[in-house]
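Peer 1: All chains should be built: construct the whole structure from the sequences, respecting the hints.
Read top to bottom, the protein sequences are chains A and B. To convert, note that position 189 of the first sequence is 189 in my numbering; the numbers rise steadily by one, no gaps. To convert, note that position 99 of the second sequence is 325 in my numbering; the numbers rise steadily by one, no gaps.
Keep in mind that the hints were calculated from the coordinates and are not lab data. Please note that the accuracy of each hint is not assured.
Cβ-to-Cβ under 10 Å is the rule here; a few derived chain A residues that face chain B [said to hold, decoys possible]: (1) Gly12; (2) Pro70; (3) Glu119; (4) Ile185.
Ranges of calculated distance between the beta carbons of each label pair, as one might list FRET restraints [stated by the list, open to error]: (5) Arg255(B) x Glu150(A): 57 to 65 Å; (6) Glu50(A) x Arg255(B): 46 to 54 Å; (7) Lys297(B) x Arg191(A): 28 to 36 Å.
Note that the structure is predicted; figures quoted are calculated from it, not measured. No residue lacks a Cβ here, since even glycine has one placed at the ideal position from N, Cα and C.
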Amino acid sequence: MKRLLINGSPRGKNSGSRKILSWIQEGFAEEKDIQIIDLAKVRELQSQKESFLDAEEVVMIMPLYTDSMPGIVKNFIDSLQNEDLEKLKGKKLAFIVHSGFPESIHSETLAAYFKRLSERVGFVYAGTVIKGGTEGILNMPEERTAKVAELFREVGRNLKSDWKIPQEIIRKSASPRVFNLPVRILITLLRWTGFIDTHWNTILMKNNAFDKRFDAPYGTPFGKKK
Amino acid sequence: MEIIILNGNPDSSGFDDKLDALASEFSCRGHNVKVISLRDKNINFCNGCFGCWLKTPGLCVHKDDMENILKQMVKSNLVIWASPLIMGGISALLKKTQDRFIPIAHPYIEIYKGECHHIHRYADNSDVALYIEPGKDDTDEDFEITRRFFERFSLNTRTVFRFAAKTDKSVKEVADEALAY
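Peer 2: Here is the structure:
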């Protein structure tokens, strides 16, 4: 079985998507016949397309960009538009969408798109796994990623056995769709105290950019009158 | 009113003429309108570096034509995102332009309309609209999914989503809808 794992992150090898991809690969527990491509290498589009046409089973993993797919992923999909449908029909596809946003409502439309794309082209669609709150997973210590790693190994194992992702996994991974009221109040309080910004502010300080964080080079900054 | 039409058509076709006709309609009604043909611009893919958030806030690491487009967009009242449907969605050309929007947001998150959203960098963002040319294989569902993507985009950028229209509407009808606010 020729398997292809596609990393749709513009950050390439140094990305959360690649980390998720490695967990799925562990779930497949095979080294043979698994090919990995990074769509960030946009100049290799032609050979990436050939790898896709050659593969029988494909998992596409990507971060959420503007509540949709990154431009490099759409670029790859658009490259298939003039392909003979017979070459695409019957190919087995699964999709993983992860986001810094913790709620899955941000990614739902993209999942709907991939389902519809699969219908249009005739892919055997295993589903779209949505995972929120993945900002920083690449550099997290193993104990902090143990749960999410196991989730994706489980996805890999299920795909390997019958190219299906159980609804239970999809449902669990996509929870919460939106936060309930107490959590929303908590976030608002953390916002008010500024505590919620700690992660970003630490990086801004490290980069000597903290004083410039509210810069608005093209117009009037938010909160100021025009 | 200042209106920008972002033409995401990757190849020259009748869709360009339709956008020019729409621009003329706005001009006739006394508005300043500009069609930006994205395929003639040098626009790089966002590389996800977060430099525009964390190193040079508000400024992208890519020095290309997007800088000038963002400057114009920040100052306009309405941006119409226009594209033929390709594989059931907006063109990759328009999508990569949309990705390059993140310098106008902050990394900071707050609850807005019950969901986590990024805080604005600018006092105002231009309103959003969507103008789509479906192909022969595209269904109402394709248009609806595309419309929903832009509804989300508008929510993320805290803007008014003025309309989503297909090219089966006359330019007069589209202009009426755009100006109904």
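Peer 1: All hints are to be evaluated individually against the structure, with a verdict given for each.
Peer 2: Against the structure, the hints:
{"no.": "1", "hint": "Gly12", "in the structure": "8 Å, holds"}
{"no.": "2", "hint": "Pro70", "in the structure": "6 Å, holds"}
{"no.": "3", "hint": "Glu119", "in the structure": "9 Å, holds"}
{"no.": "4", "hint": "Ile185", "in the structure": "8 Å, holds"}
{"no.": "5", "hint": "Arg255(B) x Glu150(A): 57 to 65 Å", "in the structure": "59 Å, holds"}
{"no.": "6", "hint": "Glu50(A) x Arg255(B): 46 to 54 Å", "in the structure": "50 Å, holds"}
{"no.": "7", "hint": "Lys297(B) x Arg191(A): 28 to 36 Å", "in the structure": "29 Å, holds"}
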